[in-house]
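Generate the whole structure from the sequences, applying the supplied hints.
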Amino acid sequence: MRLRGRKGIRETIERQHDLVVLNPAEWKGRWAERFGNDKPIYVELGMGKGKFISEMSLLHPEANFIGVDMYDELIRRASDKARTAAGREDGGAPDNLALALFNIEHIADMFDEGELRRIYLNFSDPWPKKKHARRRLTHAGFVRQYIRLLDGLGEIHFKTDSRSLFEFSLNSFADMNIRLRSISLDLHKDGPAPDNVMTEYENKFYEQNMPIYRLEAVIGPDALAKHEASLQEQSRPQSEA
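If you're matching positions, the sequence shown starts at 1 in full-length UniProt numbering and goes up one per residue.
Among the hints, a few may not be true.
Once the Cα atoms are required to be at most 25 Å apart in a straight line, the calculated DSS-like pairs of lysine-lysine come out as [stated by the list, open to error]:
no. : residue 1 : residue 2
1   : K49       : K28
2   : K39       : K28
3   : K189      : K204
4   : K49       : K204
5   : K226      : K39
Derived by calculation from the structure, the hints in this document are not laboratory data. Small disclaimer: the values here were computed from a predicted structure and weren't measured.
As structure tokens, this is what we get:
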């Protein structure tokens, strides 16, 4: 990705100690300390300009959110978006949000085992060439890392506009015997999906009537047990309910 940023970007984000984390590997295993609480941590890998993660942090104060990207300019844009969304008179950002400058390829260096509750993969680069398959964020090599980082209630939520990436991801999860739910081949076919926060890309694709593919991967054993219990409840005869 090529980005044209204004001068002084690094200096701008270096001053934002309340929101931006430039040394995220140093917080490995200590993110609860960074936030000052033990709320579950939700992470978006490849947050882009930050619309999704900013809105989610405001809608869900019961959790902590971390947006991760490797480009200074995207961190800057996301920080502007987060502060604007918060609407605080002092220009502050949501207390439950952090923006981390980091290369996702080394995500295991940023988080400890079981430190995360949920991972969002929103409109990741599809890497369409077969020789680049290992770079796709739903490749088994990445998914194995996610599994180690997620806690007992851990889940992966994935959205993309790329049919080829979605098909690849379905096969990747299936090959690893991962339970999937809420699979959609056209998330917004009946209008904006309820309880869904759109990314910048998603909003653009929606306006162009392009289908959005989505799924949730149930990873943690407690999350799986909860899902299976829900299915059993739904299958009970109405007379027993």
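Do the hints match the structure? See the list:
Of the supplied pair hints, the one linking K49 and K28 holds, its CA atoms being roughly 24 Å apart against a limit of 25 Å. The straight-line distance between the Cα atoms of K39 and K28 is roughly 16 Å, inside the 25 Å bound, and the hint therefore holds. The straight-line distance between the Cα atoms of K189 and K204 is roughly 14 Å, inside the 25 Å bound, and the hint therefore holds. Distance check on the hinted pair: K49 and K204 sit about 14 Å apart at the alpha-carbon level, within 25 Å; holds.
For the suggested pair K226 and K39, the alpha carbons sit about 19 Å apart, so the restraint of at most 25 Å is met.
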